[in-house]
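Colleague: Required output: the full structure, derived from the provided sequences and hints.
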Amino acid sequence: MSNAQLFYVINLLIYAGVDIIACLGLSQQFGVAGVTNFGFIIFQAAGAYTAAILSLPSQSANGGFQSYIGGWNLPFPVPWIGAMIVGGLVAPPFTFLVGRRLRGDFAAVGLLITAVMANLLVTNYRPLLNGSAGLSLVPAPLQGKYNPQSQGYQWLYAALTLVLAAAVFLLVQRVTESPYGRSLRAMRDNDLVADSLGKNLLSLRAAMLVLGGMLAALSGAILVGFINLWAPSAWGYAETIVLFAAVIIGGAGSHRGAVLGAILVPVGFEEATRYIPQFGPPGLVQDLQWVAIGLLIVVFLWFRPQGVLPERRRRVGVGGPQVKPVEMPNEDVVTLAGSPWTPVPADAPSHDGVVVSGAGRPISRSARSAASPDASPVLRTVGVTRDFGGVHAVAGVSIEVRRGTLTGLIGPNGAGKSTLLAMLAGTIAVTSGQVIYQGADVTGVPAYRRARLGLVRTFQLASEFKRLTVMENLLSAVPANRGDTLAGALRGRRYWRRDEEAAIARARELLDRFGLSGYADTYAGDLSGGQRRLTEIMRALMAEPSLLLLDEPMAGVHPRLARQIGTQLLGLCAEGMTILMVEHELAIMDEFCDPVIVMAEGTVLATGTMAALRARTEVVEAYLVG
Amino acid sequence: MSLFLASLGFGLVTAAVLAIAAVGFTMQFAVTDVLNLAYGAVMIASAFVAYSLNQAGVNVWIGMLAAAAAGAAGSVLLNQGIYTPFQRRGSAPVTMVIVSLGMTLIIEFGLQAIVGGTSVSYTMSQGPTVKAGGLVLTTVQLVIIGLSVVVMAGVHGLLRYSKLGKAMRATAANRSLARNCGIRTDRVVTLTWALTGALCGVAGTVFAINNGSFGATSADLFLVVILAAVFLGGPGQAYGAMAGALIIGLATEISAAYINPSYKDVVAFLALLITMAVRPGGVLGATA
Chain W
1 MSNAQLFYVI NLLIYAGVDI IACLGLSQQF GVAGVTNFGF IIFQAAGAYT AAILSLPSQS
61 ANGGFQSYIG GWNLPFPVPW IGAMIVGGLV APPFTFLVGR RLRGDFAAVG LLITAVMANL
121 LVTNYRPLLN GSAGLSLVPA PLQGKYNPQS QGYQWLYAAL TLVLAAAVFL LVQRVTESPY
181 GRSLRAMRDN DLVADSLGKN LLSLRAAMLV LGGMLAALSG AILVGFINLW APSAWGYAET
241 IVLFAAVIIG GAGSHRGAVL GAILVPVGFE EATRYIPQFG PPGLVQDLQW VAIGLLIVVF
301 LWFRPQGVLP ERRRRVGVGG PQVKPVEMPN EDVVTLAGSP WTPVPADAPS HDGVVVSGAG
361 RPISRSARSA ASPDASPVLR TVGVTRDFGG VHAVAGVSIE VRRGTLTGLI GPNGAGKSTL
421 LAMLAGTIAV TSGQVIYQGA DVTGVPAYRR ARLGLVRTFQ LASEFKRLTV MENLLSAVPA
481 NRGDTLAGAL RGRRYWRRDE EAAIARAREL LDRFGLSGYA DTYAGDLSGG QRRLTEIMRA
541 LMAEPSLLLL DEPMAGVHPR LARQIGTQLL GLCAEGMTIL MVEHELAIMD EFCDPVIVMA
601 EGTVLATGTM AALRARTEVV EAYLVG
Chain R
627 MSLFLASLGF GLVTAAVLAI AAVGFTMQFA VTDVLNLAYG AVMIASAFVA YSLNQAGVNV
687 WIGMLAAAAA GAAGSVLLNQ GIYTPFQRRG SAPVTMVIVS LGMTLIIEFG LQAIVGGTSV
747 SYTMSQGPTV KAGGLVLTTV QLVIIGLSVV VMAGVHGLLR YSKLGKAMRA TAANRSLARN
807 CGIRTDRVVT LTWALTGALC GVAGTVFAIN NGSFGATSAD LFLVVILAAV FLGGPGQAYG
867 AMAGALIIGL ATEISAAYIN PSYKDVVAFL ALLITMAVRP GGVLGATA
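Those sequence lines, one after another, are chains W and R.
Under my numbering, the first residue of the first sequence carries the number 1, and numbering increases by one thereafter.
Under my numbering, the first residue of the second sequence carries the number 627, and numbering increases by one thereafter.
Facing chain W, a subset of chain R residues (Cβ under 10 Å, in silico):
no., residue
1, Pro-711
2, Met-729
3, Ile-732
4, Phe-735
The set of hints was computed from the structure by calculation and includes no laboratory data.
Note that the structure is a prediction, hence the values are computed from the model and not measured.
Every residue, glycine too, gets a C-beta built ideally from N, C-alpha and C.
Modeller: Printed below as a string of structure tokens:
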């Protein structure tokens with residue numbers, strides 16, 4: 001090969017490495033965590049500029065033809081490290097956009113526009129980063145010691161880039177395949193439900209912005225060290241779309257796909273057009289290239305939304321390393337022999353909502369005597385009200401749910417049952433009134449923290465995490481897994497394996513008990529309606545609730561199965577759990593629920609046993625008839 | 627003071643252009659729940675339709691009607707051919723935004739491939755300058771303001787008094803409920819996209835007139851301003867978008883008189899981000 005050809009190959013390798021790192025960062029944010037960061041290019045630009053101004057000499061020492069801040073002339077690898085730090089620091093201001101409140105598409109548009117504006121500002125304000133002309137003559141790493149033009153140097157640069165790309169791949173893979181990664185994917189599939197299971201959406205998304213931002217910045221630093229210049233035209237908002245195209249085409253959620261996408265789209269595409277003879281007026285080929293990127297996105301989203309290398313299914317495997325379940329001490333519970341689930345004692349010592357337990361997390365705590373049904377209320381509301389634009393969906397409801405009961409909540413459509421349940425769980429805020437859980441006022445406590453306190457809900461509409469297997473759905477709810485933090489995930493499998501195995505054992509027993517063992521490795525999105533409801537109940541149980549709020553758990557379930565669920569629930573109550581259940585099927589109420597609360601038009605009409613309620617005319621008129 | 631008045635005049639013209647564009651955008655969002663980011667690209671494509679007629683010697687105001695027709699046809703095609711099929715499949719709103727970005731690239735750069743990368747201008751007279759109460763405006767600018775007022779009045783009449791307007795509002799509020807009440811929502815949606823597409827075409831032409839010169843990618847930044855007006859008024863709220871357009875139009879132009887004009891869109895951007903952070907449902911339009 002001639003020198004020119006060799007240079008071309010080196011060039012290609014470095015660009016590939018840079019694009020792979022960037023695509024992996026975006027894959028982690030968008031593919032795994034569902035954070036649609038349309039401002040991704042800002043982070044790459046931040047890294048490139050930081051590396052540039054850290055390695056450049058001061059502007060007067062550099063001929064004075066460009067103006068920029070910094071110019072510290074720092075030796076390699078300080079500029080790259082600095083770039084990653086700045087890339088991470090750019091992220092926090094964006095978290096308000098991706099926080100809990102804003103719709104995903106609104107947040108995405110906000111980020112896109114931020115990218116447009118950041119570019120506009122840097123272009124127009126010259127003193128900061130030399131405006132539209134950009135920075136040039138950026139020193140290559142170690143250029144004082146070695147000759148950056150030499151082939152040896154360039155080969156080393158390419159090798160370093162690819163080693164870093166490989167390291168980044170291992171890093172994101174480690175994060176994604178951990179319990180923490182599972183929480184991220186759960187959030188991606190349904191953030192509201194993840195929230196109700198104790199996932200702190202804001203912190204998860206902020207962490208992803210920081211991690212992805214650091215990777216983007218690293219890619220920028222590597223690039224600027226090689227091409228030695230960086231200008232606003234290099235990071236137009238549309239460059240982000242190219243990276244999105246790469247991740248979508250490669251396979252969102254699959255890091256191997258991101259690598260493939262990086263090679264196919266930003267590298268392959270740019271290179272392919274080099275070999276097309278230029279035709280038409282100047283700029284035409286480039287225009288058509290953009291059209292093709294747009295077409296690729298739309299066509300792939302339509303014909304193959306999972307990408308070329310789809311996210312692979314995580315199988316726990318039936319024949320895998322079977323974990324021996326810990327002995328169940330509460331075999332004596334008649335209704336549910338061998339129950340794997342034992343409620344968290346209501347008075348368990350807890351810190352910041354996380355139930356404290358020993359290392360290795362015992363699957364089951366020692367059996368406790370079932371609480372007597374007339375014990376103190378687990379949950380109490382005082383005049384809870386919710387208005388929706390002038391409509392009182394719930395108007396001044398005060399109820400008590402006593403420990404160890406399976407309390408029913410019935411009422412005609414629009415009575416405010418689901419709204420009440422959502423307010424109890426913190427999914428929606430109260431307009432006025434108080435929610436008191438285990439003696440503490442939790443009215444202002446966000447949903448994820450209530451879940452960690454043991455106040456767990458299910459949803460009226462199917463709310464499974466579709467692209468997680470049934471087993472993963474169950475595991476996603478396990479509180480306080482050591483691998484369910486970014487730090488824990490980074491420490492690797494060895495650190496969290498025991499927690500995971502214990503959780504898997506617990507999940508297996510629940511699956512056995514609900515008769516879904518054969519579906520452990522099935523995507524929850526592929527289940528039947530009834531199976532989804534079961535999955536949801538099991539998942540809620542995995543969250544170790546002390547008070548379980550069920551919103552029509554038997555809707556769409558075969559009557560015989562519904563009765564089995566009812567029996568299971570009664571058994572759980574006998575073990576000390578408390579359940580508040582919305583249900584339309586009166587036969588279920590008759591058989592399992594005591595007491596039953598009747599709501600109509602946003603208020604509580606009556607409370608008592610079904611037999612007593614059937615005797616009251618106003619209740620019968622409001623609900624039981626018609 | 628004269629600086630303020632001059633910028634106030636510019637602000638009114640910008641607000642007039644913005645109002646036409648923002649009302650169209652927000653009504654598309656109202657009935658289909660899609661943030662159609664390709665809106666700016668359709669605007670400019672329509673403006674080029676008017677340009678090609680204008681080049682052939684047709685008056686630009688007549689060209690504007692052709693632009694309206696082109697915008698309507700293009701928007702209906704975009705919704706029927708791309709967005710609706712994706713939505714029928716149950717695509718998430720975020721996916722729809724990605725699709726709309728893809729369509730933006732296709733339309734914008736497809737257009738640029740045809741018309742080239744250089745900026746063009748309509749051949750037209752600006753008319754005599756008119757002075758009124760300290761404001762100095764050209765006849766064309768006055769016509770744009772008048773046109774905008776007429777369009778707003780028309781939208782108001784449509785939404786308040788016509789059967790179609792009521793059906794639109796019902797569809798926006800709850801599409802499946804509207805369908806169950808006997809409203810042919812598919813037709814309402816198509817008509818809405820035709821109508822808003824026409825607004826988009828008109829907006830593109832008056833934007834191009836007001837800008838003086840324009841190219842295929844000229845609307846990129848203007849889309850930011852449209853989004854700011856739409857979000858300030860509450861996405862999906864037609865009256866909110868009108869009020870938002872007035873505020874953003876005046877704010878950007880008046881600030882341009884006192885700070886570097888290159889940064890005038892930053893004012894819109896900051897308004898947008900603050901709205902998103904504080905009240906994602908919009909600051910102005912609580913009623914609809």
